[in-house]
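Visitor: Listed below are the residues making up each chain.
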Amino acid sequence: MMASSYSAKEEDGHPSGAAGTSNSSAMKSKKPDNTAFKQQRLPAWQPILTAGTVLPAFFVIGLIFIPIGIGLFVTSNNIKEIEIDYTGTDASEPCYSCSDKSKGNSTEPTTPCTCEVSFNLEEPFESNVFMYYGLSNFYQNHRRYVKSRDDSQLNGDISSLTNPSKECEPYRESEKKPIAPCGAIANSLFNDTLKLFFVFPNGSKSEIPLIKKGIAWWTDKNVKFRNPGGNNNLTAVFSGTIKPVNWKIPVYELDTDPDNNGFINEDFIVWMRTAALPTFRKLYRLIEKKNSITPALARGNYTLEIIYNYPVDKFEGRKRMILSTISWMGGKNPFLGIAYITVGSVCFFLGVVLLIIHHKYGNRNNSADIPN
Amino acid sequence: MDCSYIRSLINRYCAGEENWVDSRTIYVGHREPPPGAEAYIPQRYPDNRIVSSKYTFWNFVPKNLFEQFRRIANFYFLIIFLVQLIIDTPTSPVTSGLPLFFVITVTAIKQGYEDWLRHKADNAVNRCPVHIIQHGKVVRKQSRKLRVGDIVLVKEDETFPCDLIFLSSSREDGTCFVTTASLDGESSHKTYFAVQDTKSFHTEEEVDRINATIECEQPQPDLYKFVGRINIYQNRDEPAARPLGSENLLLRGATLKNTEYIFGVAIYTGMETKMALNYQSKSQKRSAVEKSMNAFLVVYLCILISKALVNTVLKYVWQSNPNRDEPWYNQKTESERQRNTFLKAFTDFLAFMVLFNYIIPVSMYVTVEMQKFLGSYFITWDEEMFDDELGEGALVNTSDLNEELGQVEYVFTDKTGTLTENNMQFIECCIDGHVYVPHAICNGQIMPGTTGIDMIDSSPVEEGMESEELFFRALCLCHTVQVKEEETIDGIKKGLQQCSKSSSSSVYISSSPDEVALVEGMKRLGFTYLRLKDSYMEIQNREDSIERFELMEVLSFDSVRRRMSVIVRSHTGDYYLFCKGADSSIFPRVIKGKVEQVRARVEHNAVEGLRTLCVAYKMLKKDEYESVCRQLNSAKLALHDREKKLAEAYDEIEQDLILLGATAVEDRLQEKAADTIESLHKAGMKVWVLTGDKMETAAATCYASRLFHRNTQILELTTKRTEEQSLHDVLFELSRTVHQHSGSLSRDSISGLSQDMQDYGLIIDGATLSSVMKPTEDGSSGNYKEIFLEICRNCSAVLCCRMAPLQKAQIVKLIKASKEHPITLAIGDGANDVSMILEAHVGIGIMGKEGRQAARNSDYAIPKFKHLKKMLLVHGHYYYIRIAELVQYFFYKNVCFIFPQFLYQFFCGFSQQPLYDTAYLTLYNISFTSLPILLYSLIEQHVGMDILKKDPYLYMDISKNCLLRWRTFIYWTFLGVFDALVFFFGAYFLFDNTTLTSNGQLMTANTHLMFGNWTFGTLVFTVLVFTVTLKLALDTHYWTWINHFVIWGSLLFYVVFSLLWGGIIWPFLNYQRMYYVFMQMLSSGPAWLGIILLITVSLLPDVVKKVICRQLWPTTAEKIQNAEKQLKPDGFSEFTPLSSLHSSNYRNSDRRNQPQRRSDQLSKKLMYTHWGNHDYCTFSSLSVSDSKSNSSSGLETSV
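Just so you know, the protein sequences line up as chains A and B, in that order. Quick note on numbering: my numbering labels position 97 of the first sequence as 97, and the sequence is numbered without any gaps. Quick note on numbering: my numbering labels position 876 of the second sequence as 876, and the sequence is numbered without any gaps.
The set of hints was computed from the structure by calculation and includes no laboratory data. Take the hints with a grain of salt, since some may be wrong.
[Said to hold, decoys possible] Okay, derived cross-link-like pairs now, DSBU-like style, lysine-lysine, Cα gap no bigger than 35 Å in a straight line: (1) A:LYS177 / A:LYS248; (2) B:LYS137 / B:LYS225; (3) B:LYS344 / A:LYS177; (4) A:LYS38 / B:LYS960; (5) A:LYS38 / B:LYS686; (6) A:LYS212 / B:LYS110; (7) B:LYS592 / B:LYS645; (8) B:LYS137 / B:LYS110; (9) A:LYS205 / A:LYS248; (10) B:LYS120 / A:LYS38; (11) B:LYS332 / A:LYS177; (12) B:LYS1105 / A:LYS360; (13) B:LYS307 / B:LYS291; (14) A:LYS31 / B:LYS137; (15) B:LYS592 / A:LYS282; (16) B:LYS1119 / A:LYS360; (17) B:LYS1106 / A:LYS360; (18) A:LYS31 / B:LYS332; (19) A:LYS31 / B:LYS155; (20) B:LYS1119 / A:LYS38; (21) A:LYS38 / B:LYS291; (22) B:LYS332 / A:LYS314.
[Stated by the list, open to error] Reference listing, derived: stretches of chain B covered by chain A, where coverage requires no fewer than 3 residues with Cβ under 8 Å from a Cβ of chain A: (23) 320-331; (24) 785-796.
[As the list claims (entries may be wrong)] Stretch by stretch, here's where chain A covers chain B in the computed footprint (C-beta under 8 Å, at least three residues): (25) 938-951; (26) 985-991; (27) 1037-1049; (28) 1103-1112.
Since this is a predicted model, take the numbers as computed values, not measurements. Glycine included, C-beta positions come from ideal geometry on N, C-alpha and C.
Work out the full structure: start from the sequences and follow the hints.
Guide: Shown next as structure tokens:
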């Protein structure tokens, strides 16, 4: 197409006296340059994928992948993890009384409902323990949900604070006042409170200290999320706004620590990073190992105390609490190890198959094929 | 073009009935006709403005946009873009708008620039000064102000500003010389003649006094056709009417040469000039690759629509539960809730379309076009296709067909000037049965060692002297050769110049090389044609005295009559008619002479492959001459059917001739023509020679060019045979013969390479062909055609002789339409080949001696026939594999790209949530994965260039569009789907239920961080980009530094871009979702491990498939690759320098052979075969061990 239009131009020919005379001199220069590129003779490496060249690669991949896979698998298996579902859909479950089902249709929980779940750790969790909450069937990745936020408001922009983005609809305004933080994501902030108690054999409980800072991305907390007008006197800054409709407290009362209050509250930041899949878990608290001798969580009985606020029953969701240790490769993840072992073995197997093919058929038609 | 058409329409309808006539009347110098002339309503003519530009300043934007959006792909993306603007779609309009904008802008800039150049050129032309005679004075005017009827003065070396009727020139005889190089490429000087009655007006005052009207036809594009009449009013007498022909018409664009000045009257101006009318662009040819590409696109469009439909349906099924449709945490706005369900479903469908629309990539069109456009430069740059003699290399007129060069199945070639050099040499003449041979053969130089050859076979007897001299005079007079004294001549004629330098400085120039050869030959036999002066032709005879003949009439040559005649008056006052022409057109008209002897000699010469002409004469008495004159004049004056009337007149005049003798002219085979044809045969192409020449000559050329071998069984389908038997019987007999053979073929030759088996050659002539094609009474024409095609299919070579230009096109069309729909290629050098060049899938023009018309109308033009070999076997092959990979790869990479997004819908509640960030969506095809494939498709060479040339069998590897068959396409698509599944579910399992986490060493110690949906997408995208690029890397067989740079460079670019894109809070964006996502992902160990794993898994099946296929079922190319790798270390280095040696040796031996070939027929035949054995070297056939291949390459160099 392009060339044809060029040639059309040439054909127009616009005859002028000059063109005719310059023709002969132009002819001399028409000879193409003898450069390697123009003659398509650039020096080149010409690899060919033959059985001979690929075989070693297959064996090498096999030999590398299988040990990695075994390493990953072992590491993953050494990670201790316990998962406790406290949704309470069934009447036998301890949190049934707090769940929506028992309350019927009244959506206004006047008093916070508290329930307790007991569990037993058969093995101590030696290293630092991470505490997660998990939700299932919660579509944080729904398009309408994902975009329902205003990043500039969260970044502390004053004008966005009073005039949030249209993307936040229908969680943009309430009672003619702008919502801060606006949007569906903020509005649905997970608001169960989880507490963990160690139950001594004698029945007395001791609360395990949960660290609530350091659970969000450093960049999120320090760059992406900012309180409008700095961290001082949030009440005044947020005075023209209203709290999200589902919230019980305004954003400036999320925490007493000014470094963890307002938009830079880490629970809030974690929630704002929307999950990729409808079943997800989010980091809730850290349990640090006190010293090198005692494990972070010793063997024994524990009680999980939940201030049950978050309704999941309506969308048939589940709520879980997870305790997990961590290794160099992250959390419990048998998939990666298994996959590595499988792929490594397949490569090795293919290598053997190719070797057989190569020896059986390679000599038949082109013995000269294999370079060296 | 449109403009002028509309203008002429307006003229017709507004100016009234009178202008409906087919002719126009022009008043020379706007002078009113004398009273008594017919009433005249002035017609309106366009001014002399040339408009080649498409756009004006004002209409550029709308018109250009309109033009661009007429292309279906652009329109599709525009629709997508508009949909994105109108409805609430998952991706921002930028993602499709930006690429579209980019494409449109680039194209618009290119077209705008071209148009600006055209405007500039137009302006230069339209403003250039012309000289007009007004009131007896010369006035300068701008060219565009020229009007029909103006008298124009044109000086030497100026171009004519419009189409002019030639009134008078500075030369006494009223002629002028013109080159039409810029019109049809013929650089020879042509003579034009002024109107007889006005040629004596030499000054501007005199010219201004001319009172005349011109009637002529309305403008038409044929450059060589013009009929008109001029009525000259002198002294109030009845006007003298004179005919006007194309010899009186000076065309715009031609240049005046060797003439001081001329006067002419403008008859066609501006866009009505013949040059402007010839602007019409040819119809676009589309390549087979493009067709399959479009078929694939349709498939993908179906996939796209079904994906969108499936998702829409599933969405509503899934949403039937209100808690899913609108859970408490994710409420809809009021307006969304109230929208009509049907409308909602429709917008959802559109939104899914938009989300998946990248599966049809906008950039594919751009890349394909860039590839074709840039790739075609390799053809023009090719040094091997550069001809030093001509000073030109190959030309690409249509880059759209590059890959089609690799798909050719039928080659239709012209003979004269294509297979042969069209550089004629006079070989011998035969007068009354005595053979005369000039003492040296002139082919640019005097051949050494030729003195020993007999000059004359048998010395003429005394009484023969008279007819001998008459014969020589006849040849000296009966031609249209011009004598040129100066040295300024173009390259083609240099050979002649050198040749004649020895005796005089003059050079013969003619549009027909045969004539030049004849006149040159006569010169060597003692009769020199000196010049044509004032209608007297001067000849220097053997006694060095000058004889003058008055040239009375020229009955010019045409291809229907196949002869020409002149009528001259000798100094004694006798009228002679000399006629020369093809034997078939002369013999029936001969009544006297030694017909039998001459005929025998002519046939003998024809068998040797010489071009023969017969010469005859007759004496005319004065009254006979006068009646002839009247006849001719009345025919010439006719405005309508002049051609027909002239032909009738000629036919009547050229009767009752006396045969003088015959001439033989050799047209040498082009260098390496035989080698080229053999290569084409080996490459599985069927070569047909279509020529207007007679059967014997053509057949001899075919043997010489190894189209027919000695063991080829020739099947004849000629008039000679059909006279004996009916066409029906002949056809059936032939088909039986052929079928017997093909039956044995299937048994014997499983090897497939058709060297040792019996092959057939078919010879058919034009007359028989037309009866084959002609529908018979009982309507069984289709049957004949089928049988004919069946026979042709089984013949390795077909020779069609005695073909008219249109029949050539018919044959091409016939083959094109046969049931296999083969790809055809036509190659030719002359105007008579244009029809077939335009008809064939690929048209190749040879920049020959018969002008540039073929080259101009072709898709590709090459200097010599031998260049066809490289063009097809190397360039065609490369372009095909390159574009095939390009197309398949583009679809593949977009399946990989979009399919995960489709899968993601199942996990996000069918909410059209895009998996990737906007920037990734936009840039994936534009920058992350575009350059590697573009560069691959420009420089990939799976097999070395030399191998491709040496081993034409490789061409069959890619025949029948085999790399773009459905099987391959489906393989690529499934590979894409598989990879997409690996990407998506790989990432899914990494994320699902477990925590893909980073331990955050980078940020804060020992933090366990969470990844969201954008990290998920980025992980998939990273794997995607790497896999897709590495897949291309695995397919690349030719790693130059460019490939390394581009492949690793674009991966690096992706990483750098991602770091940058996520590294900054972009102030102009209203979301910061990508902030630090990429870095966080990279800081996680499992993510790295996952990426490596997924890339490995996705590439694995393709590698395994490739290796196993190569091992078990290798294609020819793959075998060659293996062999090449083996041979390279020892064989390669010595090969290259020797091959250049070889070519020069070849030429020398060719020259040495020359005289011997002529001297003895037997030894010539021997020479041919001997030469032929060495001439073509077979590279190792594939199964042969490499010691054999070494020896054969040694053979090649020894020649």
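Visitor: A separate judgement is required for each hint: does it hold in the structure or not?
Guide: Going through the hints against the structure:
Distance hint between LYS177 (chain A) and LYS248 (chain A) is fulfilled; the C-alpha atoms sit about 17 Å from each other, no more than 35 Å. This hinted pair checks out: LYS137 (chain B) and LYS225 (chain B) have alpha carbons roughly 33 Å apart, not beyond 35 Å. This hinted pair checks out: LYS344 (chain B) and LYS177 (chain A) have alpha carbons roughly 30 Å apart, not beyond 35 Å. Proximity of LYS38 (chain A) to LYS960 (chain B) is assessed by CA-CA distance (about 29 Å); at most 35 Å being required, the pair is judged to hold.
At most 35 Å may separate the alpha-carbon atoms for a hinted pair to count; LYS38 (chain A) and LYS686 (chain B) meet this at roughly 31 Å. With a C-alpha separation of about 61 Å, the suggested pair LYS212 (chain A) and LYS110 (chain B) falls outside the 35 Å cut-off, and the hint is violated. Between the alpha carbons of LYS592 (chain B) and LYS645 (chain B) the distance comes to roughly 28 Å, so the proposed pair stays at or under 35 Å and holds. For a cut-off of 35 Å, the pair hint linking LYS137 (chain B) to LYS110 (chain B) is broken: about 46 Å separates their Cα positions.
Proximity of LYS205 (chain A) to LYS248 (chain A) is assessed by CA-CA distance (about 29 Å); at most 35 Å being required, the pair is judged to hold. A C-alpha spacing of about 31 Å is found between LYS120 (chain B) and LYS38 (chain A), which places the hinted pair at or below 35 Å, so the restraint holds. As the CA atoms of LYS332 (chain B) and LYS177 (chain A) are separated by approximately 19 Å, the hinted pair is consistent with the 35 Å bound. For the hint pairing LYS1105 (chain B) with LYS360 (chain A), the CA-to-CA distance comes to about 17 Å; that is within 35 Å, so the pair holds.
Among the hinted pairs, LYS307 (chain B) with LYS291 (chain B) is consistent with the structure: their alpha-carbon atoms are about 24 Å apart, no more than 35 Å. The straight-line distance between the Cα atoms of LYS31 (chain A) and LYS137 (chain B) is roughly 48 Å, outside the 35 Å bound, and the hint therefore fails. In summary, the hint linking LYS592 (chain B) to LYS282 (chain A) is not supported, as the alpha carbons are separated by about 113 Å, beyond the 35 Å threshold. With a CA separation close to 17 Å, the supplied pair LYS1119 (chain B) and LYS360 (chain A) stays within the 35 Å bound.
About 17 Å separates the Cα atoms of LYS1106 (chain B) and LYS360 (chain A), which keeps this hinted pair within 35 Å; it holds. This hinted pair does not check out: LYS31 (chain A) and LYS332 (chain B) have alpha carbons roughly 70 Å apart, beyond 35 Å. Of the supplied pair hints, the one linking LYS31 (chain A) and LYS155 (chain B) holds, its CA atoms being roughly 33 Å apart against a limit of 35 Å. Simply put, LYS1119 (chain B) and LYS38 (chain A) have alpha-carbon atoms about 28 Å apart, close enough for the 35 Å limit, and the pair holds.
Using a Cα cut-off of 35 Å, the hinted pair LYS38 (chain A) and LYS291 (chain B) holds, with the two alpha carbons roughly 29 Å apart. Proximity of LYS332 (chain B) to LYS314 (chain A) is assessed by CA-CA distance (about 16 Å); at most 35 Å being required, the pair is judged to hold. Counting residues of the segment 320-331 of chain B whose CB falls under 8 Å from any CB of chain A gives 7; the rule of at least 3 is met. Beta-carbon proximity to chain A at under 8 Å applies to 0 residues in the segment 785-796 of chain B; the threshold of 3 is not reached and the given coverage is violated.
Here the segment 938-951 of chain B counts 3 residues with a CB under 8 Å from a CB of chain A, which clears the bar of 3, and the coverage holds. Figure legend: the segment 985-991 of chain B, annotated as covered by chain A; annotation consistent (5 residues with Cβ-Cβ distances under 8 Å, at least 3 required). For the segment 1037-1049 of chain B, the stated coverage by chain A holds: 7 residues have a C-beta nearer than 8 Å to a C-beta of that chain, and at least 3 were required. Coverage of the segment 1103-1112 of chain B by chain A holds. Counting CB-CB distances below 8 Å, 8 residues qualify, and the rule asks for three or more.
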